[in-house]
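Undergrad: The lines below spell out each chain.
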Amino acid sequence: MGTHHYNLSEQFEFTGKVKTLSIIGIVIGLATIGYYGFVSSEHWAHERIFANLLLMAYYFACVCMSGAFFLAVQYVAQAGWSASILRVPQAMAKVLPIAVVILLVVIGLGLYTHNLYHHWHADGLTDPNSDNFDKLIAGKSAFLNVPFFMSRQVIFLGTYSIFATLLAKWSANEDLEGGLNSYRKSFKYSCIFLVIYGFTTPVFAFDTIMSLEAHWFSTMFGWYNFAAMWVSSLATIAVIIILLRRAGYMSWVNNSHLHNLGQFIFGFSIFWTYVWFAQFLLIYYANMSEETVYFYNRFNNYEAWFYINLIMNFLSPLLLLMDRDNKRSETTLLIVSIIVLCGHWVDYYQMIMPGVFTNGTKDGSGFGLPEIGTALGFLGLFTFTVMGSLSKKPLIAKNHPFLQESLNHHL
Amino acid sequence: MSNIKYILGSFGDPDEMMHGIEKLQENNIKIHDVYTPMPIHGIEAKLGVKRSRLDIAAFFFGITGTLTMLTGVYLATVVDWPINIGGKTHFALPDFIPITFELTILFCAFGLVGSYYASTHLFPGRAPRVMDLRATNDRFIIAIDAKANAEHEKIDELLKGAGALEVKYNERKYVSYE
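In order, the protein sequence lines correspond to chains A and B. Counting from 12, one number per residue, gives the positions in the first sequence under my numbering. Counting from 3, one number per residue, gives the positions in the second sequence under my numbering.
Just so you know, these hints were derived from the structure itself, not from any lab.
List time: in silico SDA-like cross-link candidates among lysine to any residue, alpha-carbon distance up to 25 Å:
id, chain 1, residue 1, chain 2, residue 2
1, B, 52, A, 337
2, A, 30, A, 253
3, B, 90, A, 292
4, B, 90, A, 307
5, A, 196, A, 415
6, B, 48, A, 337
7, B, 48, A, 419
8, B, 90, A, 286
9, B, 90, A, 290
10, B, 48, A, 271
11, B, 48, B, 12
12, B, 52, A, 271
13, A, 404, A, 181
14, B, 52, A, 335
15, B, 52, A, 340
16, B, 90, A, 301
17, B, 48, A, 335
Some chain B residues judged to face chain A by a derived CB distance under 8 Å, without partners named:
id, residue
18, 57
19, 88
20, 96
21, 97
22, 99
Only a predicted model underlies this, so the values are computations on that prediction, with no experimental measurement involved. Even glycine gets a Cβ: it sits at the ideal position worked out from N, Cα and C.
Assemble the whole structure, with the sequences as input and the hints as a guide.
TA: Written as C-alpha cells, this is what we have:
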C-alpha cells in the first residue's frame with residue numbers, strides 16, 4: 012500500500028473518436044426511426060419501430076435511474092469503497108431527466124397512435140354493448156386507463172429524476188464547500204429515495220411492460236424487472252470505468268474496486284435468475300392456462316431467445332465471474348459486462364415483442380435492421396449524454412468523507 | 003545442543019508485530035508462522051501465505067450435491083416410481099431445481115466444515131494445539147523455528163527491538179488447553 016498521489020482534479024475530456032462514434036450512432040438511430048416511421052411501406056413498420064423505441068427508451072431510463080439507485084445504496088450503506096467511482100453513476104443519474112422525457116414521449120405517442128398498449132387501449136374495450144368488449148380489461152380499467160396510467164408514469168419518473176438530480180447536485184456542492192453537510196443531506200434523502208423507489212419500480216414495470224399483455228399478470232414481474240435494470244446498470248458502470256481506465260483516466264481504480272463491481276454483477280445476475288425462475292416455476296408447476304399463455308407464446312414463437320436469455324444472463328456471469336481472479340481481471344469483467352448488457356437487451360426483447368405483436372398485427376416481429384438501428388441510436392445517445400455530463404465535473408469527488416478509504420481500498 | 007524448538011516473540015500491538023516481521027525478513031530469518039487473536043489485513047501477502055484452495059473444494063462439494071440430487075430424483079421419478087403428475091414428463095427438471103439448489107448448498111456447507119476441521123486438526127474430543135495460549139487472547143505471536151535458525155541472540159534482539167514484550171524459548175512445539 013503506502014501513500015498515493017492522485018490528481019484529484021482530473022477531468023474527462025469528451026472529444027475525438029468517442030464523440031464522433033456516439034454522434035454516428037445517434038444518426039443511425041434517427042435514420043432507422045425515420046425510415047420505418049415514415050418511409051417504409053411494410054404493414055408492421057410502425058408497430059415494430061414503436062416496440063423497439065419502447066424497448067430502448069425503457070432500457071435507457073432504467074439504466075440511468077438505477078445509477079441514482081446505486082448512489083442512494085452507497086450513501087445509505089455508508090459505503091467507503093465506492094467513494095472514488097461515484098462520479099460515473101452520478102453522470103448517469105444526471106442524464107435521467109433526458110431519458111425520462113424520451114420514454115414519456117415514446118409511451119405517449121405509442122398510446123396516441125395505438126401502436127403500443129393496444130391490448131387495453133382501444134375503442135369499446137370497456138363498453139358492454141360494443142363488439143370489442145373485453146370483460147377482463149373492463150375489470151382492470153379503474154387502474155389501466157390512459158389518464159391514470161400517464162400520471163403514474165409522470166409522477167414515478169419525475170420523482171426519480173428529482174432525487175437523481177439532487178444527489179448529483181449535492182456531490183458537486185461537496186467539491187466546492189467540503190464539510191459533511193452535503194453528505195448528511197445525501198444520506199437522508201437517499202433513505203427516502205430507496206423507500207419510494209422500492210415500492211414504485213414494480214408498479215412502473217407493471218405499467219410500462221407487463222400491461223402490453225394486459226390479461227396476464229405476475230406479481231414477480233416487478234422484481235424481475237428491477238433485477239434486470241439494476242444488474243444492467245451495474246454492468247454499465249463497470250464498462251464505463253474500465254474504458255475510462257484504458258483511456259488513461261481514473262488511475263486510482265484498482266482491481267479491488269473491480270472485484271467489488273464484479274461481485275455486484277455476479278450476485279445480482281444470480282438474483283435476476285432467482286426471480287426469473289421463481290416466476291417461471293410457479294407458472295410451469297401450476298399449469299393454469301391464464302398464466303401459461305405468457306410462456307406459451309414465448310416458447311412457440313421466440314424459443315431461441317428464451318434460451319439465449321438464460322445463457323447470457325445466468326450461465327455466462329455464473330461461470331465466468333465465479334472465480335475470484337476473474338472478478339479482478341479487467342478484460343474478463345469487461346467481456347462479462349458487455350455480455351450481460353446484451354443479455355438484458357434480449358431479456359427486454361422477449362418481454363416486449365411477443366406482447367406487442369400478439370395483440371397487434373400478429374406478424375412482423377423479428378430481428379433485423381429496426382432492432383440494430385434503434386439499439387445503436389440509443390447506445391450513441393447514452394454515450395453522448397452520459398460522457399458529456401461526466402466531462403463537466405472532475406472524475407473524483409475530492410471532498411467525499413470516505414475518499415481515503417476508497418483510495419486505499421484493498422480486498 | 004539445546005532443546006529449544008521454537009522461539010516465540012510476543013507482541014502487544016499488531017503494528018509492532020508487522021514491523022517485527024519486516025525486521026526478521028530483512029535479516030533472512032525464516033518465520034514459521036504467526037498467531038493473532040484477530041485477522042490482520044495484508045498479513046498473508048507479507049508472509050507469502052498461499053491462497054486458500056477452499057473455494058475449489060467448495061465447488062467440488064457443491065457439484066457433488068447437485069449430481070447426487072439429480073441422480074436421486076431421476077432414480078425415484080423415472081426408474082423406480084414413474085407417476086403422471088399434471089401431464090408433465092417424469093423428469094420435470096424445473097420442479098426439482100429448488101431442491102437441487104438446496105442439496106448443493108448443504109453438501110457445500112458440510113463439506114467445508116469438514117475440510118476446515120481436517121485442515122486445522124480441530125474436531126470434537128481433541129484438545130486444540132496452540133503454541134502460546136495468549137495468542138487466542140491479547141497477544142500477537144511470531145513463531146520462529148529454533149533448529150533451522152541458529153542465531154538465537156540476534157533473533158531475540160530483533161524481536162525486542164521491534165517492540166516484543168516477551169520472547170519465549172519453547173522446548174515443546176505445542177502447549178494444549180488441559
